[in-house]
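Asks: Quick note, the sequences are listed as chains V and X, same order. Residue 86 in my numbering is what sits at position 74 of the first sequence, and the numbering runs on without skipping anything. Residue 41 in my numbering is what sits at position 38 of the second sequence, and the numbering runs on without skipping anything.
No lab work stands behind these hints: they were computed from the structure. These figures come from a predicted structure and were not determined experimentally. Any given hint could be a false lead.
As the list claims (entries may be wrong) - Listed next, the in silico DSS-like pairs over lysine-lysine satisfying Cα-Cα at most 30 Å (straight line): (1) X:Lys45 to V:Lys19; (2) V:Lys77 to X:Lys4; (3) X:Lys4 to X:Lys45; (4) X:Lys45 to X:Lys101; (5) V:Lys77 to X:Lys71; (6) X:Lys71 to V:Lys19; (7) X:Lys4 to X:Lys101; (8) X:Lys101 to X:Lys71; (9) V:Lys77 to V:Lys19; (10) X:Lys4 to X:Lys71; (11) V:Lys77 to X:Lys45.
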Amino acid sequence: SAVISQKPSRDICQRGTSLTIQCQVDSQVTMMFWYRQQPGQSLTLIATANQGSEATYESGFVIDKFPISRPNLTFSTLTVSNMSPEDSSIYLCSGQWDSGETQYFGPGTRLLVL
Amino acid sequence: KQEVTQIPAALSVPEGENLVLNCSFTDSAIYNLQWFRQDPGKGLTSLLLIQSSQREQTSGRLNASLDKSSGRSTLYIAASQPGDSATYLCAVQSSGDKLTFGTGTRLAVRP
Chain V
13 SAVISQKPSR
23 DICQRGTSLT
33 IQCQVDSQVT
43 MMFWYRQQPG
53 QSLTLIATAN
63 QGSEATYESG
73 FVIDKFPISR
83 PNLTFSTLTV
93 SNMSPEDSSI
103 YLCSGQWDSG
113 ETQYFGPGTR
123 LLVL
Chain X
4 KQEVTQIPAA
14 LSVPEGENLV
24 LNCSFTDSAI
34 YNLQWFRQDP
44 GKGLTSLLLI
54 QSSQREQTSG
64 RLNASLDKSS
74 GRSTLYIAAS
84 QPGDSATYLC
94 AVQSSGDKLT
104 FGTGTRLAVR
114 P
C-alpha cells in the first residue's frame, strides 16, 4: 500500500486569500487525484493531476480557481484561490499505481474560510 | 452521469450483530467498486476492491459482493465490534479511473 501525507492538516483562512495544499506519496504512483468533501457530504473529484502537463478538471471545477501542479510521480499541490466561505471543506489527495487498482488517500486538509 | 446511493444513511447496532450495508449505482459500465472506511477527522482507508469481473471479495470479517448487471453491491460485516464504528463509503471506478462516491453509511456499534 502507499502512504500519503498532506500539508497542512488544517487551516483557517480569510476570504480572498489563497492556500496551497501539498500531497506527498511515499512511492511513485501513476495517477494522483484531488477530491473535495464539503461538510456532511461525500467526496467529489476535483481533478486528475497529470505529471508534467495540465490537470484534467471535472465539470464545475476550473484551473483558475483550483490550480494544480504535479512535477513528479510522488508529489502534487492544489491551490484554492480567492477563497470564500463556500470553499470550507476537506480536501483530499489520492494516489493509484495503475489503472483499475486501489486508490490510497491522504488524511485530508481541513479548510475553514472566514 | 454515474450516481451512487447508499442505504441506510445511518445504522446503530449492538456489538456482535451481523450487518449489511447497501450500495447501488446507475451506470453498470464500471471497472471496479471499492469500499472505504472514514473515521472522524481522518482520511479514507481502503477495505475491499472488487473488479467488475468478480462477484465478491473477503477480508477478515468483511465480505463485499457485486452484481454489476443490477448495479448493486453489499458490504457484510460479521460479528460487529465497537471499533467498526465509522462511516462506510462505496465508490465505483469508471473511465479515467475517476471514483464516484456514494453518500455513505454512518455506523455505530454499541458495546
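Asks: Now look at each hint and say whether the structure bears it out.
Replies: Hint-by-hint comparison with the structure:
no.	hint	verdict
1	X:Lys45 to V:Lys19	14 Å, holds
2	V:Lys77 to X:Lys4	23 Å, holds
3	X:Lys4 to X:Lys45	28 Å, holds
4	X:Lys45 to X:Lys101	21 Å, holds
5	V:Lys77 to X:Lys71	36 Å, violated
6	X:Lys71 to V:Lys19	38 Å, violated
7	X:Lys4 to X:Lys101	12 Å, holds
8	X:Lys101 to X:Lys71	18 Å, holds
9	V:Lys77 to V:Lys19	19 Å, holds
10	X:Lys4 to X:Lys71	16 Å, holds
11	V:Lys77 to X:Lys45	25 Å, holds
Hints 5, 6 from the list above are not met by this structure, while the remaining hints are.
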